[in-house]
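Protein chains in written order, with the working numbering: chain A, 3 to 395; chain B, 58 to 330.
Be aware that one or more of the hints could be misleading.
So the derived list for chain A, only partly shown, Cβ under 7 Å to chain B, looks like this [unchecked claim]:
hint, residue
1, Ile82
2, Gln84
3, Gly105
Please keep in mind that the hints were generated in silico from the structure rather than gathered at the bench.
Please read all numbers here as calculations on a predicted model, not as lab measurements.
Don't be surprised by glycine CBs; every beta carbon is placed ideally from N, CA and C.
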Amino acid sequence: MAEDTAISIKSVSKNFKLPHERADSVKSLFVSPFNKNRKKVEVQHALRDISFDVKKGEFFGIVGRNGSGKSTLLKIIAGIYQPNKGEVKVNGRLVPFIELGVGFNPELTGRENTYLNGALLGFSEKEVDGKYKDIVEFAELERFMDQKLKNYSSGMQVRLAFSVATILAESDILLIDEVLAVGDADFQRKCFTYFKQLKKDKKTVVFVSHDMSAVREYCDRAILVDDSVVVEIGETDKIAQEYTKLFSGSTTTVAGQDKMRWGVGEMKTADIDVSLSHKAIIIKQRISSTRDMDDPVMGIRIRSAAGSEVMGTNTKIEKISTGSFMRGQDRIIVWEMPNILADGDYYIDPAIIDPDGITVQDWWDEAVKVKVKKDRRLPYTVDPGFKIYFSNK
Amino acid sequence: MEIFEKLKRRYRYSVILLRQLVITDFKIRYKGSVLGYVWTLLRPLALFAVLYVVFVNFLRIGGDVPHFAVYLLLGVVLWNYFVEVTINGVSAIVGKGDLLRKLFFPRYVIVIAGSFSALINLLVNLVVIAIFMIINNVPFTLSILWVIPLIIELFIFSLSIAFILSALYVRFRDINYIWEVVLQAGFYATPILYPITMVVAMSPLVSRLMILNPVAQIMQDARYLAITDKTLTITGVYGNSFARLIPLIIVISVAIIGVVYFRKKSPSFAEEI
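Just need the whole structure built from these sequences, with the hints factored in.
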């Protein structure tokens, strides 16, 4: 690792295993040790082959949408998660602010919590002693330090936590995870001042955010993560552009036209949410029920604005058991598919049908209208990505 | 000296954290109770009173053991220490899940902190026992110092089990119920409330198995050293002093298994909780 590198990430991948039936109890281990269902594990790729370096003295941003993997990345840098592949090297002392006030105990006083929180961040009593006055001053809590934390307002707690973290952390590398969203306007201003100070002092900071304006203002460079891979690394302006592009493809509008809807209505699609990225379409359909039912069939269909049926499926075709629905209890079914749609407008049609496959509970044409934006236009409805080349044979 | 410095730097964070966690635990243990820390002393005193009334006044099963009430108290106190450490151990990691998911620190610190809090309790209890020994005119000899390595053995044994249980509990949430039953059975399978001579009279084989339990061995040895040489120790049960090696080997094996298993599992705690 080069001298001027603070953090070096080399082809890091992280999977989470999501067992469908967890061996949470010893019983399931004994009762059905050979049951295949128990071993059915879905692997979720949170990060794939991520590589980048953070230089010393750099203010480095990690940007991405919710669920893109940016927080996982931060936790891997902090050492909380172990990567499945690749390696992380940190050069210097690192203090993570994944959350403020970790380990605060409401039964202890502000003073006691200061020392406890300090220890969790790796600072001895002596080190905290030396800065105790500054911490209290910065938090503006002089009169309250000997009161129990449970008597603090939430704003006061945040102020104390932030002060402990910032005053103590004269370390080489800081990891900051969107802690700015807390506190009142006055305190936020203070935080921003602190950030400017960090920048002036040439501290190495890794800053995770989806607030592009903050990233633009403070970060020298940034990395954009989407769908668990690196989209772009570079100047913040470039990253900001790419970031906004991610969203331009995902304008969803609810048509809300109920006249295209029919069925018995004992089970209904309560609401439906579609998120689009360049790579994937994720449809989340919340289903409410006014009677108990086992194994209803659910289907989804995507039609182009011109009316041609592009794709669709249902749980019967997929041989998925939908399980039992209870009266008054909502459940959410998630449909995921690669985004092979070409540039243009599309309708999503969800349907719920009785287990017999005949009685329609809720058929809703044009429940959602989505606008797919791709960087090129095709006169067709599907753009799966073509590979075109010449072959000698 | 250089090695010492290196160790100091390597374990600096662990030591700082361990200290604060033990202090915190001690501070909040009796929060909200009127008598507070006095309970640390009051509990063994009350226990002694109960044992005295039940076993010395009514049941009279320890007739031939001198200072039977103190003898009982020492056994109960050691057993309670073992229970406290292991029960704390089960939920140590899962209970601090929130912390684990947000900070990186050596995971073993949490488990050790729990056992240190129990150790402080044990030491206070031992002081109370010493007072009762004086009141009961139990003669003090220098051999009582041999109790210290026994306490260390018990500390290591309890802590190792706590390590195993805490790591297992992350995956298998039945462990706490299973361990409760094991402790319940262990309470009767260990010569805490009755003299082991009673068992020897009934079945020598059972007594031989019983004393292999490190907690039983430690308890009998401690009673022998501190209270009365009428106590039957593992040497007495087997008739040779090499038998003492067996519980020792058990302790060392459990310690190795505990450390290896915990080290193997600890990197994934944060995501599995």
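_Take the shortest C-beta to C-beta distance between Ile82 of chain A and chain B; is it under 7 Å?_
Because about 5 Å separates Ile82 of chain A from the closest Cβ in chain B, which is inside the 7 Å limit, the hint holds.
*asked:* Next item in the hint list is Gly105 of chain A. Is there a CB on chain B closer than 7 Å to its CB?
replied: 5 Å, holds
_Using the nearest Cβ pair, does Gln84 of chain A come within less than 7 Å of chain B?_
4 Å, holds
Of the numbered hints stated above, none is contradicted by the structure.
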